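Those letters in the sequence shown? Residues 2 to 389, per the numbering used here, in order.
Hints are computed from structural coordinates only; laboratory data are not their basis. As the structure is a prediction and not an experimental result, all values here were calculated from the model. Please note that the accuracy of each hint is not assured.
Label-pair distances were calculated between CB atoms; the ranges are [as the list claims (entries may be wrong)]:
(1) Thr-76 to Leu-161: 24 to 32 Å
(2) Asp-48 to Lys-208: 24 to 32 Å
(3) Glu-362 to Thr-158: 18 to 26 Å
(4) Gly-209 to Asp-331: 50 to 58 Å
(5) Ala-10 to Lys-208: 39 to 47 Å
(6) Asp-262 to Gly-218: 19 to 27 Å
(7) Ser-286 to Asp-48: 12 to 20 Å
(8) Arg-74 to Leu-161: 16 to 24 Å
(9) Thr-5 to Gly-78: 23 to 31 Å
(10) Asp-262 to Asp-331: 45 to 53 Å
(11) His-377 to Glu-190: 45 to 53 Å
Computed list of lysine-lysine pairs in DSSO-like fashion (alpha-carbon distance at most 27 Å, straight line) [unchecked claim]:
(12) Lys-277 to Lys-123
(13) Lys-373 to Lys-31
(14) Lys-208 to Lys-372
(15) Lys-57 to Lys-277
(16) Lys-137 to Lys-373
For each residue, glycine too, the CB sits at the ideal point set by N, CA and C.
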Amino acid sequence: GDDTQPVRAIPDYEALDDRYAAAGEAVMDKVVMLKLNGGLGTSMGMDGPKSLLEVKDGLTFLDITVHQIMHLRETLGVRVPLLLMNSFSTAAATEAALAQYDDFTQDVPFGFTQNKVPKVDKATLEPAVFPPDPTKEWNPPGHGDLYTAIVTSGMLTQLLAAGYEYIFVSNCDNLGAVLDPAILGYFAEEKLPFLMEVAARTAADRKGGHLAQRQDGQLILREVAQCPPDELERFQDIEFYRYFNTNNLWIHLPSLERVLDERDGVLGLPLIRNEKTVDPTDPKSARIYQLETAMGSAIAVFPGAEAMRVPRSRFVPVKKNNDLLILMSDVYELNPDYTLQLSPRRTAEPPRRPPLVDLDEQYYQFIDDLKKRFPHGAPSLMECTRFR
């Protein structure tokens with residue numbers, strides 16, 4: 002309500018002092034890269050972990066992330082482990098994929114599995130029952146579960162014991178989320194407990210959550226589900242609330258341990274109630290609620306938490322085949338360090354922005370459709386502004 006307002010000035014990545022990159026390289030041996038790997042690519046017609054989808058030059062999201070980390074380790078002589086937060090539906094397949102790299106080892110495990118919680122029957126508010134397939138009675142409780150699972154799995158204790166102090170968390174499908182020494186340096190030098198990377202909202206983002214600030218200066222994240230109907234117009238005003246959460250987060254591990262201790266292990270994140278059917282493949286099955294929390298909302302429980310404005314290049318999510326086609330095309334290139342960049346040869350206006358791709362879901366919703374209709378890979382989009 003009335004106690005929230007737009008965010009006052011926040012640091013801008015583009016204007017960071019040069020000394021921060023050096024400071025970041027100096028503490029690079031104390032950082033861990035965590036990828037959220039709980040999702041199956043079901044909305045794109047996959048039955049396995051989304052991170053195992055081939056996206057560029059025959060490589061999967063996971064391949065590219067592993068190569069980025071190996072490159073960092075070699076060039077800077079640092080250990081940077083990769084952690085994956087798996088769900089009960091992705092753990093086994095991902096472990097098998099990681100086992101294929103003989104030269105990729107580290108001093109802590111490759112990850113941990115998030116919890117599962119009972120789906121709630123909409124009519125009775127009791128735990129849902131589905132005798133044909135009892136596994137469908139459960140759901141992963143959203144990525145806000147990170148803070149619980151990293152503790153209950155023993156991972157937090159292990160990381161602290163091995164001398165890790167910082168964790169960089171991002172979605173597995175966001176290849177723009179690379180471990181950037183300047184952001185790490187800023188985070189470490191300013192002694193922050195929590196830093197959220199935010200980007201400028203565009204018209205396409207107006208329905209998404211945004212950053213706001215309480216009267217006392219504390220940053221908070223507001224999702225559209227938490228917005229009173231009479232404030233909806235204001236909520237969607239991208240000039241008023243200018244930033245959205247990229248889900249690239251930096252967390253100081255000793256601060257996380259302290260905040261969890263103070264709150265008896267429960268951060269108390271706002272609950273998100275997602276209405277679905279108990280069997281996601283059967284729209285006629287019983288209506289249920291999935292109870293979830295979002296990891297970004299923890300910004301509100303870390304006193305002194307900050308947000309940093311980053312360029313849109315650090316946010317390249319793949320939620321639909323529209324996004325995938327752009328990524329597969331010649332508009333994006335993989336650099337030798339396996340970071341992604343918009344091709345400098347791109348001629349369309351505006352050159353620093355990918356084209357807008359709008360594929361008809363009737364024909365292109367699933368990955369098999371895309372492969373069938375583009376048997377030779379993506380068409381050249383180098384000079385394209387809009388493709389539909």
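Going down the list of hints, with the structure as the test:
| no. | hint | verdict |
| --- | --- | --- |
| 1 | Thr-76 to Leu-161: 24 to 32 Å | 26 Å, holds |
| 2 | Asp-48 to Lys-208: 24 to 32 Å | 29 Å, holds |
| 3 | Glu-362 to Thr-158: 18 to 26 Å | 45 Å, violated |
| 4 | Gly-209 to Asp-331: 50 to 58 Å | 29 Å, violated |
| 5 | Ala-10 to Lys-208: 39 to 47 Å | 26 Å, violated |
| 6 | Asp-262 to Gly-218: 19 to 27 Å | 24 Å, holds |
| 7 | Ser-286 to Asp-48: 12 to 20 Å | 18 Å, holds |
| 8 | Arg-74 to Leu-161: 16 to 24 Å | 21 Å, holds |
| 9 | Thr-5 to Gly-78: 23 to 31 Å | 45 Å, violated |
| 10 | Asp-262 to Asp-331: 45 to 53 Å | 51 Å, holds |
| 11 | His-377 to Glu-190: 45 to 53 Å | 49 Å, holds |
| 12 | Lys-277 to Lys-123 | 9 Å, holds |
| 13 | Lys-373 to Lys-31 | 45 Å, violated |
| 14 | Lys-208 to Lys-372 | 30 Å, violated |
| 15 | Lys-57 to Lys-277 | 32 Å, violated |
| 16 | Lys-137 to Lys-373 | 31 Å, violated |
Violated hints for the displayed structure, listed by number in ascending order: 3, 4, 5, 9, 13, 14, 15 and 16.
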